[in-house]
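Q: Just so you know, the protein sequences line up as chains A and B, in that order.
Residues in the first sequence are numbered consecutively from 1, following the UniProt record's numbering.
Residues in the second sequence are numbered consecutively from 1, following the UniProt record's numbering.
Certain hints may be false.
[To be verified] Taking lysine-lysine and the DSS-like style, the derived pairs with C-alpha atoms no more than 25 Å apart in a straight line are:
hint	chain 1	residue 1	chain 2	residue 2
1	B	K109	A	K343
2	A	K229	A	K255
3	A	K370	B	K202
4	A	K370	B	K75
5	B	K208	B	K158
6	A	K347	B	K109
7	A	K255	B	K76
8	A	K344	B	K208
9	B	K109	A	K370
10	B	K22	B	K158
11	B	K58	B	K26
12	A	K347	B	K76
13	B	K76	B	K26
[Said to hold, decoys possible] With beta-carbon atoms standing in for the labels, derived distance ranges:
hint	chain 1	residue 1	chain 2	residue 2	range
14	A	M1	B	G230	52 to 58 Å
15	A	I366	B	G230	33 to 39 Å
16	A	K87	B	P30	42 to 48 Å
17	A	R170	B	Y252	54 to 60 Å
18	B	P30	A	K347	37 to 43 Å
It should be emphasised that the hints constitute simulated quantities derived from the structure, not laboratory data.
Please read all numbers here as calculations on a predicted model, not as lab measurements.
Where a beta carbon is used, it is the ideal one built from N, C-alpha and C, also for glycine.
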Amino acid sequence: MRPVLMEKVEELRGINSVKIKEASEAGQKVVGMYCVFSPQEIALAAGAIPVTLCGTKQEPIEDAEKELPRNLCPLIKSSYGFAITDKCPYFYFSDVLLAETTCDGKKKMYELMGKIKPMHVMNLPQTADGEQALAYWKDEVVRFKSFLEDKLGVEITEEKLRDAVKLANRERRALKKLHQLNAHKPAPLTGMDMMLAQWLKGFNVDKKAGIKLIEDLIIEIEERMLEGKYAFDESAPRILLTGVPIGSGSEKVLKILEEVGASVVALENCTGYKGLDVMVEEEKEPILAIAEKYLSTPCSCMSNNNRRLDLINRLAKEYQVDAVVDLTWQACHTYNIESFTVKKYVKDQLNLPFLQIETDYSDSDIGQIKVRVEAFLESFFETAK
Amino acid sequence: MYTIGIDIGSVASKAVTFDGEKVTSKIILPTGWSPKETGEKLLKILLEEKMIAREQVKTIIGTGYGRGSLSFIDKKVTEITCHGVGAYFLDPEVRTVIDIGGQDSKVIKLDCKGNVIDFLMNDKCAAGTGRFLQVMANSLEIDISDLSEVAQGDAPQKINSMCTVFAESEVVSLMAEGASKESIAAGLLQSVANRTYSLAGKVQVENKVYFSGGVSKNSLLKEYLGKKLGVEIYSSDMAQFIGAIGAAVIGYK
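Bound conformation, chain A alone (with noise of 0.2 Å):
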């Protein structure tokens, strides 16, 4: 049985669209953006919506592939597919685009988009690492700043930044607690509906009411837990999902781990836990403070990314898993190389058992998943035999 709640948060869906259109005819700026590095706070600050732009569906990517390559991640192809056919939107009321330079493909995919409407770049430092990659982060920040204040026409003051530093933080608490109910064994909510929750927090165009729902949606879970109503049996095998972000449309993988009986616990991408681990900190002077958690991201971007294996280590200790299964896109380097540097880490270091899926969002492939993923389930738990 399914928390009540989650129903308010699936119709978030259809209400979001309407209150964007809403929001944007009413005179409210709109900012669109992709990626977990987007500092949301800045456009908070200057008064305008953040918004996630659509870029999980298989739908367009057949229109993007008219002017990008076919061998390119799906995520690139269906976001640049989303934007040239008007489907999406959160898109078509943004007034400006944040785009960030996370990988070759989405940085030259962004050159296109950038001409349909006015884009705004941050130049990623290739390296989390050391003063010098902070001070550039710090500085791409505050141009984005300026950014946005030039196009608004607004002035965002340290005030400001304060309170969208505070705002954001409470949406993170609550869906970092949210996740953190998952640690429970067995979990109370099933992987894809902490999925929903998470995904759908991006396109909130009232973010207050937004964490209230997540906030109620808490309480009613864990008044669910006392009762002994769960998601899964005690007995599932509980899977750490690592890897590329997954959204409504790309889920195919975290569908069929659930469908054969695992228990996907713990979402380590950033469309779930990612961006949630650390906050900003509110005592210290806003715009470094805001530097200094973006760029903490353990995005396979990142040069080295050892951050993600103490990540992943953290969340198999505290969500008890059994074994971590890592999604990577086609075509997407980052992640595929990286991959091999997390199986050894799961391996040997965790001593788990591990398994990479390579797909794409299409539905061609979902027969030889459901054979990978039941015989790796047959492989390692007896119960799955």
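Assemble the complex: chain A is given as a structure, and chain B must be docked to it using the hints.
A: This is chain B only, laid out in the frame that chain A set:
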């Protein structure tokens, strides 16, 4: 008391009976268009021709890509687990199973107790599978079962394309350039060996290596693969049945 293992592959369906110690009978049929009917037919033949009463059968386990369509089985288990169990049953010294079937190629690693400790499968593509060889044999106008024999006749021609569609055009071009049928056939087998080598390279291949699946009947490919991997490769006349054997053995546990 018997158990039955049924392995519905993309091209061939296999079934065996097992008495707890040995395989007592085996049959193979083309899967055809209906995995469900083929499965039922296999069961019927096993019971009737081998004169086994249904009550004598303890469990029936289904495996292979068509396992989901069998209504009469007690349980389904993936072909990865079944191939591992089947190979270990035939020879407990096996640590690596290389299986090339109609639409899959897989490499399975076993520990000393026969448990699967790692496995890899090909991508959603016919490259390096039996389907690849079937398509190529068709364009050479030879029967797939003759491929190995034909290929003995000449040194392998280099085939660059892994993709079945592109390789077919490459083969057509080679024929147009006057390359011998023998050399192309040998080149195709070499290409499948190379593809399997790169798949197997991702897990460390450990002795003893057992080659199974329909494609393992191809002796020259087995030789090429052994050379490429630098190990001796074992197979047997039961190689096509190890999925079904594994299923039957699991059923007895």
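Q: State for each hint whether it applies.
A: These are the hints, each one checked on the structure:
no. : hint                        : verdict
1   : B:K109 / A:K343             : holds, 16 Å
2   : A:K229 / A:K255             : holds, 21 Å
3   : A:K370 / B:K202             : holds, 21 Å
4   : A:K370 / B:K75              : holds, 16 Å
5   : B:K208 / B:K158             : violated, 29 Å
6   : A:K347 / B:K109             : holds, 15 Å
7   : A:K255 / B:K76              : holds, 20 Å
8   : A:K344 / B:K208             : holds, 24 Å
9   : B:K109 / A:K370             : holds, 19 Å
10  : B:K22 / B:K158              : violated, 44 Å
11  : B:K58 / B:K26               : holds, 17 Å
12  : A:K347 / B:K76              : violated, 28 Å
13  : B:K76 / B:K26               : holds, 19 Å
14  : A:M1 / B:G230: 52 to 58 Å   : holds, 56 Å
15  : A:I366 / B:G230: 33 to 39 Å : holds, 36 Å
16  : A:K87 / B:P30: 42 to 48 Å   : holds, 45 Å
17  : A:R170 / B:Y252: 54 to 60 Å : holds, 59 Å
18  : B:P30 / A:K347: 37 to 43 Å  : holds, 40 Å
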